[in-house]
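Participant: Please construct the entire structure, taking both the sequences and the accompanying hints into account.
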Amino acid sequence: MSSLLEIRNLHAEIGGRKILNGLNLTVQRGEVHAIMGPNGAGKSTLSYVLAGKPGYEVTEGTIAFNGEDVLEMTPEVRASKGLFLAFQYPLEIPGVATMSFLRAAYNAQRRKRGELELSSPDLLKRVREIAKRLEISPEMLRRPLNVGFSGGEKKRNETLQMALLEPRLCVLDETDSGLDIDALKVVASGVNHLRSPERGMVVITHYQRLLDYIVPDVVHVLSAGRIVKTGGKDLALELEATGYAKYQGEAA
Amino acid sequence: MAAVQETIDQVRSIAVEQYKYGFTTDIESDKAPKGLSEDIVRFISAKKSEPAWMLEWRLDAYRRWLTMREPDWARVHYPRIDYQDLYYYSAPKRKKEIASLDEIDPEILKTYEKLGIPLREVEALEGVVRPDGERRIAVDAVFDSVSVATTFRRELSQAGVIFMPISEALREHPELVRKYLGSVVPTSDNYFATLNSAVFSDGSFVYIPPGVRCPMELSTYFRINERNTGQFERTLIIADKGSYVSYLEGCTAPQRDENQLHAAVVELVALDDAEIKYSTVQNWYPGNAEGVGGIFNFVTKRGDCRGANAKISWTQVETGSAITWKYPSCILRGDGSRGEFYSIAISNGHQQVDSGTKMIHLGKNTSSRIISKGIAAGVSQNTYRGLVSAHRKATGARNFTACDSLLIGDKCGAHTIPYIEARNASALFEHEATTSKISEDVLFYCIQRGLSQEEAVGLVVNGFVKEVLQQLPMEFAVEAQKLISISLEGSVG
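Chains as they are written, first to last, in the working numbering: chain A, 1 to 252; chain B, 1001 to 1493.
For the record, the hints were derived by calculation from the structure and aren't laboratory data.
Take these hints with a grain of salt, some might be off.
Below, in silico cross-link-like pairs of lysine to aspartate or glutamate (EDC-like), each with a Cα-Cα straight-line distance of 16 Å or less [unchecked claim]: (1) B:LYS1393 <-> B:ASP1335; (2) A:LYS53 <-> B:ASP1335; (3) B:LYS1358 <-> B:GLU1430; (4) B:LYS1031 <-> B:GLU1070; (5) B:LYS1047 <-> B:GLU1168; (6) B:LYS1393 <-> B:GLU1421; (7) A:LYS43 <-> A:ASP69; (8) A:LYS229 <-> A:ASP212; (9) A:LYS185 <-> A:GLU198; (10) A:LYS112 <-> B:GLU1454; (11) B:LYS1437 <-> A:GLU92; (12) A:LYS53 <-> B:GLU1440.
Facilitator: Have a look at this one:
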């Protein structure tokens, strides 16, 4: 069986500026990979290229998701095939209740996969179960999506969407940013709940702190657009102690 | 919540044809010759067997119209209208006066079916009896220029409600028509209203007696069906003391190559403690992708809160027409009266919208609220034009205005032109306005969750207009949401 995610020699740029320089990454089902690196290393770019954000141009290399060529797929097809990006800065949509958004997204994916839509009561039941686990109140589900949400609420909401949509690959972009320790624990526990032998995760973070709660199988150091070092979870602790300077030197 | 999903489904099922209402019905018409003259005004009046005073009223308007100039202050551009090149009267031919619904031309009934007019209306037209307790809508169908069917009339008349074509009201209730016609929009009001006064063909007349809550929502569907026929509707609604009525107006028009003029007048009168809620969904042919054709819509709508604590509420969803020139307004004459204006105006392609409201505070402690949502796409121009004024004696007048514009793409324009005049120092007027572009980041966020580009735009737009949609009666809100999505199809690259 092919790997869940296989990135080969990926080069990408935005607005003519080269960000990714021959990045290689393989994620198997059931694995959690952490990608760490200094600011400007290309961490967020990697997440956007995976999700297919307009403006990010892949100039070389391949991305295979379950053996399929991701670069040939539109962003919504990638989503419906199970590629989920938890945004560093989730967007606000005034006037659209969180529950409405969840329903629209969930059923849009099902339709694109040729599945029947879930009825509103069934969907509501599922959402409520997940929401409870993430300490999300029914009142919050009625509020417009992310409008006036605190940092913690936004990230819990991202985790809720992730849990509901049941993706095969979760890409978490700086999920720890803007979170205090209590919120971080709730979100991490929500993420850990989603770990399964069928699902892979790519956890992008600047700090080691998140990895105390979401313990990775593999840790990569990303610098100047490529993976410069790969190791076990201890690598994250080492980085915490020594910083990124060493790797930035190597990459340059 | 569920409505968003419904919209998406409906768009999917409808997307086959951008403007599916572009068909014409093949029935014979009884037409006056082209052009406008005293003779034509007399012809129209005679056709309707009007009393002499009505003919004089029309002729007076016509003579005044000859002295007036077409207004040019609105932010709309269109080729000069040749008023002598239009027909001013067209009626479906009938063998005799209609006694029952069975006698209505089946072609006309078929048209309503094609229009997708809600089943309950079709049932109503066909006389199907529904179980008690269900909310019903009475339809006064104006087909081209003459009303062909009026339903639920008996039940309404039991409540004392009069709901009939205005031409009929002129015969059956001349004293009421004479008392109120032109009392809100005088014949001299403006170029288009004056023209309407001279040549109006038909429209609805509603009278709600004191203390009566109209037992159902009143609804008119009309469409322009005759080539080059100017459509001049005249609607007059009177809510007597302590009464309530909700009136729905919706329209679609067949596809045309040449422009069609529409100059309607709607007058509302609310006496002491009465309330009128007037809702419109407007979906006339907006012209083709090159901006050819489409309806010219010059409408004068005004409500007069004539009594104390009267309330008039306008809700409109404007998606069609090549040109929209329309300012549903409230005169807050009675002390403690209240006016509301909720509007969604969508322009796409080459459409031009210049719309808004006037809230004229005359009485003490009058209040008004304006919520306007403009959405511009394509190469369209969308203008909100509003006036809030407080008369010298309007102590304690209050207004809240919020005008929000949403731009889709970078070739369209949104403009907000609010006029505020306070001649009483105690007036408290608040005005908020925002203009935003639909954000690429927001769209990408939705798309990453599995929505298509169009579904994402639909979702964001529905969120943007939600506050106004909530003001519409349920069945109308669904129709409106459907129209909004259709109107914006193909608006994003």
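Participant: Could you tell me which of the hints above the structure violates, numbers in ascending order?
Facilitator: 2, 4, 7, 8, 9
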